[in-house]
Amino acid sequence: MKRYSGFSLFANALSYHEKWQKVWRKPIPKKEYDVIVVGGGGHGLATAYYLAKVHGITNVAVIEKGYLGGGNTARNTTIIRSNYLWDEAAQLYELSLKLWEGLSQELNYNVMFSQRGVLNLGHTLQDMRDIERRVNANRLNGIDGEVVSPKRIKEIAPLINTSPNSRYPILGASWQPRGGTARHDAVAWGYARGADALGVDMIQQTEVTGIRRKNGAVIGVDTTQGFIGARKVACVTAGNSGVVAAMAGLRLPVESRPLQALVSEPVKPCLDTVVMSNAVHGYVSQSDKGDLVIGAGVDSYNGYGQRGSFHVIEHTVQAICELFPAFSRVQMNRQWGGVVDTCPDACPIISKTSVEGLYFNCGWGTGGFKATPGSGFVFADTVANDRPHPLAKAFTVDRFNSGALIDEHGAAGVAH
Amino acid sequence: MLLIYCPHCLESREEEEFSYGGEAHIARPLDPENLSDEQWGDYLFFRKNPRGIHHEMWYHATGCRRYFNVTRNTLTYEILESYLVGTEPQITEVGV
Chain A
2 MKRYSGFSLF ANALSYHEKW QKVWRKPIPK KEYDVIVVGG GGHGLATAYY LAKVHGITNV
62 AVIEKGYLGG GNTARNTTII RSNYLWDEAA QLYELSLKLW EGLSQELNYN VMFSQRGVLN
122 LGHTLQDMRD IERRVNANRL NGIDGEVVSP KRIKEIAPLI NTSPNSRYPI LGASWQPRGG
182 TARHDAVAWG YARGADALGV DMIQQTEVTG IRRKNGAVIG VDTTQGFIGA RKVACVTAGN
242 SGVVAAMAGL RLPVESRPLQ ALVSEPVKPC LDTVVMSNAV HGYVSQSDKG DLVIGAGVDS
302 YNGYGQRGSF HVIEHTVQAI CELFPAFSRV QMNRQWGGVV DTCPDACPII SKTSVEGLYF
362 NCGWGTGGFK ATPGSGFVFA DTVANDRPHP LAKAFTVDRF NSGALIDEHG AAGVAH
Chain B
43 MLLIYCPHCL ESREEEEFSY GGEAHIARPL DPENLSDEQW GDYLFFRKNP RGIHHEMWYH
103 ATGCRRYFNV TRNTLTYEIL ESYLVGTEPQ ITEVGV
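Protein sequence lines, in the order shown, are assigned to chains A and B.
Counting in this note's numbering, the first sequence runs from 2 upward without gaps.
Counting in this note's numbering, the second sequence runs from 43 upward without gaps.
It is worth saying that the hints were derived from the structure and are not from the lab.
Only a predicted model underlies this, so the values are computations on that prediction, with no experimental measurement involved.
Every residue gets a Cβ at the ideal spot worked out from N, C-alpha and C, and that includes glycine.
A couple of the hints might just be wrong.
As the list claims (entries may be wrong) - Reference listing, derived: stretches of chain A covered by chain B, where coverage requires no fewer than 3 residues with Cβ under 8 Å from a Cβ of chain B: (1) 240 to 246; (2) 249 to 263; (3) 298 to 311; (4) 400 to 410.
All chains, full assembly: derive it from the sequences and hints.
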């Protein structure tokens, strides 16, 4: 892999930028791999990268039915934060945030990680109690955060309406300055490039149609390009996790629903932070391009269509206009939906399964993007060593039978 | 926006009038105290979550306030039938 640098930019300018190295190869699938990662989204690519980088397992293939990073990785609102309530979740998301902080250097790829801070607004007394509890829990876990007043919120985001006369007046917020946003595509591309350089095969336009087993252990996957053998199969297929699990005769406690987002026309810089509100259900940030990136909720019912119901968007846009009256004049450009796999406790599943050599990393629901590096890191460790990474221990699928759920509906309250 | 036919009200109404009740035909165990953790967890949390035909409960929240079942394709969102709780669906496969 040729490194990107100021010098390489200059050198390539001399050849009119026509001789850049391909970012990844287009390999023909081998007969057998040590590990096959099913799903070439952010989490899958991160898993492949850390398998090769940290664990030295380079005979790895990522099998993707579409193109790399073309699913939910390309359809989210790119918010990154780690202010989760419970120790288990907080530590997992904090590991991720720490990885984000050095990711552009690590990958030699600009993921445009911008620590512009995240505000979570409170509109009722109970909201504020929950926020104080969560901020205190975060600080005990070494995660930055503070409870801020409406006056301070107004300083951070001047366009916000903090009038006590609004319908749902803002009483305060939690503020995580280390939170922010990143460039969603770049994360997938950066991990893919890094993994490819270490020898991982990116096999695109190839759908996994079956998981072949022998004596209760995985031996490979059937794909649209034929059978590919594997000692271990790691599934990271987000909304389609239930479908992939069914190929191995397993059931998961996840339900797939479309989560929507929309962007406005580009406008001049007006919001340099991320504002989220559980109570009125909306969240907004401004991309470097200038468009407002707005996240809506999930549909209330299961669905695999990548669109979602219109009234969900209507509801969110109403909330955004309440929070930012100035945005009522902004026109929306595009809307889309991604299929997310929601878990009953709003926490992910990073787990071995009853099939030997088959692993699942799923159930990230509405907030998986922020966890991309951490998720890949602990999942790669889990797959490489055939036991849960210490931070993933609490997230096995067994918790739905033992009852040790990790209820993060508060921290994940607004679907994002 | 789904248009859902309520078999109690005998008319099609917009989805905002309804709330979703999850997978249908899950019988509550008669003797919960005798179930193993696996069986109880299975009953509470594990679902079919199919990509295709799904039998699901809906509640007509702003109408008759009664539950009924719907057969819906989760990929195309086509609603194939509405039927009363306690009866069996007519449609169980795509294209049938």
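Verification of the supplied hints:
no. : hint       : in the structure
1   : 240 to 246 : holds (count 3)
2   : 249 to 263 : holds (count 6)
3   : 298 to 311 : holds (count 8)
4   : 400 to 410 : holds (count 4)
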